[in-house]
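With chain X's structure known, arrange chain F on it following the hints.
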Amino acid sequence: MSKTDVVAMILAGGQGARLGVLTKKVAKPAVPFGSRYRIIDFPLSNCVNSGIEIVGVLSQYQPLALNTYVGNGHPWDLDRNNAGAYILPPYQKSGKSDWYKGTANAIYQNKDFIDDNNPKYVVILSGDHIYKMDYADMLKSHIERGADATVAVYEVPWEEAPRFGILNTNEDDSIYEFEEKPKQPKSNLASMGVYIFTWDVLREALIADEADENSENDFGKNIIPMLLGGGKKLFAYRFAGYWKDVGTISSLWETNMDILDKPEDINLVDRSWKIFSRNPVKPSHFIGKDGSVKDSALTDGCRIHGEVVHSVLSESVIVEKGAFVKDCVLLPGVVVKEGAHIERCIVDFGTVIGKNVKAGPTIEGEGPYTNHKICSQGITVFERGLVIKDDVVIPGNSMIDSDVEVSDEDNVIASTFRV
Amino acid sequence: MFNNAMGLILADNKKISLGELTGPRALSAVPFAGRYRIIDFMLSNMVNSGIKNVGVLTYNKYKSLMDHLGTGAAWSLDRKNDGLHILPPYVNSEVTNVNGDEELAGILDFLKTSRTTYVIVANSNVVLNTTFDDMIAAHEKSGADLTVMYNRDANKCGSPCYIIDCDENGFVKDMLYNPQKASSNKSSLGIICLRRDMLVDIISKQMSHGTSHFGIHSMVKMFDEIKVYAYEYAGTALRINNVQAYFKASMSLLDENVRDDLFWSGEPIYTKVKDEAPTLYIDGSSVNNTIVSDGCRIYGQIENSVIFRGVTVSKNTTIKNCVLMQDVHISENCHLENVILDKNSFVRPGVRLVGHSDYPVVIGKGAGI
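Sequence lines, in order, name chains X and F.
Under our numbering, the first sequence has 231 at position 231, and the numbering climbs by one with no breaks.
Just remember that our numbering sits 1000 ahead of the position in the second sequence, which is counted from 1.
Treat the hints loosely; a few may be bogus.
The calculated PhoX-like cross-link candidates involving lysine-lysine, where the alpha carbons are at most 25 Å apart (straight line), are [as the list claims (entries may be wrong)]:
no.	chain 1	residue 1	chain 2	residue 2
1	F	K1248	X	K289
2	X	K262	F	K1274
3	F	K1052	X	K282
4	F	K1015	X	K282
5	F	K1343	F	K1015
6	X	K274	F	K1227
7	F	K1315	X	K282
8	X	K132	F	K1274
9	X	K289	F	K1272
10	X	K244	X	K186
11	F	K1274	X	K274
12	X	K262	F	K1315
Derived from the structure by calculation, the hints contain no laboratory data.
Extracted from the complex, chain F is given alone in its bound form:
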């Protein structure tokens, strides 16, 4: 545990769309693993590392994210000093759209008010449970200016994919974006650490060069100017780059090793508490190989699925390989297979919906079938 770093989470990603799932919300606010949102993992990782000051950078569709984060109390980030800071686009009435650098100006202000030595900056498309102590230690030992976390999933991460090439000392010598042919199996996890004063310098420089967008990989790409070290993460890291990847990541939670790595072997993952009742399994229900959250009423059959909070599955209904998000209601005599149902959607009696494991059917938030 250290308290010499602050965190910055980029809550959305213009390169990533999960179709209907990111229609109403930022990527980081997409529900995941039964009772979480994607951002819960990175926020918890930071808090579990002893970080007490976290900025969440958003640019649009941030209502559901703000509802979720609230004061930050669920992550113990409701603090007098530091705590959780939501950084919406920085709009200055006098200079709006003059040079489009509102986003960067907002970050700069936030960075300048902190007193920590380091900053951890993270994207929102990776789910993992870790602390950053080892990464910071490796960063200090290497003498690098910036350290990027990677794993060896290059051949299976899908776009956007940043392949990194390192020299024999572990320093980045090349980075390729979605290459046709990968030159290494090292793929960035979109998490970096660097000195706070250096990040302030980089952003100031970017602003004076008229750059408006803040991106982790645009900084990793500076390996010609600064020393960029690559730090390997060997644990489970689920990339959520598109709907297929989201579905695959959800299904991978049914693997005990993945669940152990994400939930049981490390520090706890915090999320907003809903105070739902316990889940009741009633009458002839039958459930196998499935994750179920609180507040559900299960009367039907479920297999290989992820069930969020407050879901109802009625009698004579079978659910197979599905993701049913919060408050979904499935009526009687239905058959659903390879389907993702977003929050509050409902399925009327007798409906049969079958997707393919590579292309699940996605039903949008609040839709009725």
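Chain X extracted, bound-state conformation:
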């Protein structure tokens, strides 16, 4: 395809509230994943590997980290002369200005950006899935079937179908109905939030949708039903590779663990479809004389003098002598002090786990930080930039959040710092 035939738009403005403290300061797509990546590296790399060179990144919620991370697009080869990565925040217009009200409205507000590039097709992506997908193959099917819109679908287990937006299709995979979280699903084809539209068709639909005051301006809930109602040709594109939503603490943790347990599924070592990321510029990692690392993923800058078992460590994590880390996801710069014993913890940027801290599902009971709304499966989440007191004991399913008001006695946070 010619590079100007296609523009990709990544919806990266959502808060991702179900990730709790992890998205307090950053938008979900900027959350680190899989030792050396951020979630947005996957759609960005997929675009580049598919030959798409014009990529709009729609940011809104806590955009600073995301904007800095994407930058000029250089790590993904998206610093082209007449193409590249473009950060698209909501902006003030003469007349009516607004935040992005919904996914469709976000694209509507940037229709000038798309028009300026004059593409035939627009690829709409979300910034919260871990998968490798060739959008060029999907586009081929879109063109071959003469579709107005193509929606990538993933076969989910029937019992899980009620959690997804489900597409009901005819035998030729043409779509006749979209159902958001159906109680009685007629199909198990879940929408992956990956759409290809013929731009003229989408443009018209977005304008009509914007004029409808009752619309939620959402692709799944409004645009797709509107196109179906208008007799447009919509097809499902079946995707069978690895695809995981990382919208919740438990799914984020499980997907990280998949890298260790099923490395072939996502196959990060495949050099023909690399996942690119911004490099932290740190030396190779080091495992000391007293260090031990089993069944884990590590990257640059880590220094391990304690025991690491079945964990995913981002750059520059320090595990001190006598510390024990199991089934954890440690994000950049985390320090686990001497004698600490942590299991099933997700620890955000830079947080220091104090000496002899015990945290994990093996510790029974509930504490002031227990949060069943965000945490499950015994997973404990630590906010970024905390210094955790020495010797404290934290049961599983806790969310260590500096905004939670607790008594001095119960407080596990010694201090906080900016990272």
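Same frame as chain X, but now just chain F:
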């Protein structure tokens, strides 16, 4: 940080061979410390000092160096003004081999187009992490014409070794090349600074005298004609003068103080980014006292080693005191000790290879054992 200097790196050294390691590449392109090439340190030092114009002088075997440096983007040297300049032998079709001064003519052109006051010129056989601000300040304060950086490793640097003797004010009064008996413990690190216009004069003069070779120490040796000041560098500086020294320098990285000095206490060292996956430690792997880079798959046992990017160490294999470069593959049931394996080499199942810590076995690039 200053921006009043330009840099010139002499990417190869005719006096230094690392055997198989410098067979396919220039000295400065030899891989080091897991994810770097030797030149990364000097390039980063210059960039971290605020230098925005760097020339890399090469004379042959520069393909791997050019692949590595690319546009200079990894060092933020992909600039409109200045940036990275690779200076291959300057071949002028009309005067080729008339007087053999192509190398010097190439440098002269590069120096003349710059507008900075100073030039830092550096050899490629030393690994260190520094900035040149202090050296330039000392140079200005001393009123010298040229300042050379040294440290006190004279008794352990191996050939080529330039011992310098200074007077009580720190000015060089003698320099000895590989002396039988060292008269001082001061040994040049092969890094100098001087005014750009002075370097232009020196080179022009050398050319008119029919000299074809450009060397840092031939300028330090001019201490009778110009004022040469000696500036001491007290931090870690690893000299890479032969294979043994390369091996020793690699093993010294396992010392925390050396790693701190080279990587953590100063400015970052930049290198070409490879976008490898994270390294996975799988099943019964066991790794101690070892540097490991991204993209590796470790199933076996490793001790006291430096592992580069994309290396595979299979089950039931033990690696001890080794340097395994990029994309090396070690099969099952092997035992390797004191071995340096160059890029892309592979070892078939059941192989036992043992070198001596003073004389490591070196397996060349892409070789199969």
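Each hint, compared with the structure:
{"no.": "1", "hint": "F:K1248 x X:K289", "verdict": "holds (18 Å)"}
{"no.": "2", "hint": "X:K262 x F:K1274", "verdict": "holds (23 Å)"}
{"no.": "3", "hint": "F:K1052 x X:K282", "verdict": "holds (22 Å)"}
{"no.": "4", "hint": "F:K1015 x X:K282", "verdict": "violated (32 Å)"}
{"no.": "5", "hint": "F:K1343 x F:K1015", "verdict": "holds (23 Å)"}
{"no.": "6", "hint": "X:K274 x F:K1227", "verdict": "violated (54 Å)"}
{"no.": "7", "hint": "F:K1315 x X:K282", "verdict": "violated (29 Å)"}
{"no.": "8", "hint": "X:K132 x F:K1274", "verdict": "holds (19 Å)"}
{"no.": "9", "hint": "X:K289 x F:K1272", "verdict": "violated (29 Å)"}
{"no.": "10", "hint": "X:K244 x X:K186", "verdict": "holds (22 Å)"}
{"no.": "11", "hint": "F:K1274 x X:K274", "verdict": "holds (10 Å)"}
{"no.": "12", "hint": "X:K262 x F:K1315", "verdict": "holds (18 Å)"}
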